[in-house]
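Peer 1: Sequence:
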Amino acid sequence: MTETKPALVLHLASGGEPLVFALPEEGLPELASRLPLWLEHGSTESVQTKEEFRISVNFAQVAVAYIDDLQRKGKVFGLR
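Each residue of the sequence shown is one higher than the one before, counting from 1 in this note's numbering.
Please keep in mind that the hints were generated in silico from the structure rather than gathered at the bench.
This list has only true hints and no planted wrong ones.
Quick list of simulated restraints, FRET-style, between CB atoms: (1) THR4 x HIS41: 27 to 33 Å; (2) THR44 x ARG72: 26 to 32 Å; (3) ARG54 x PRO29: 17 to 23 Å; (4) ALA63 x GLU3: 26 to 32 Å; (5) SER33 x ARG54: 15 to 21 Å; (6) GLY42 x GLU3: 30 to 36 Å.
Built from N, CA and C at the ideal position, the CB exists for glycine as well.
Start from the sequences and build out the full structure, keeping to the hints where you can.
Peer 2: And the structure:
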């Protein structure tokens, strides 16, 4: 079984390259369930990174946010 490397990927509304933050495995399901609400409400939330930093994200400035596996090979969405 391959090791997964979960990451929070943020595409800012202002454009540019996405911001990618490595995430710890623990707490991942809870973060994934809250992410849509944070985007919908444009709230500012604190997220714990794998390196044990706590970052604050203003989701009002984020166009797209999702959790991705950095180990995944083909990163084309919508294709099977």
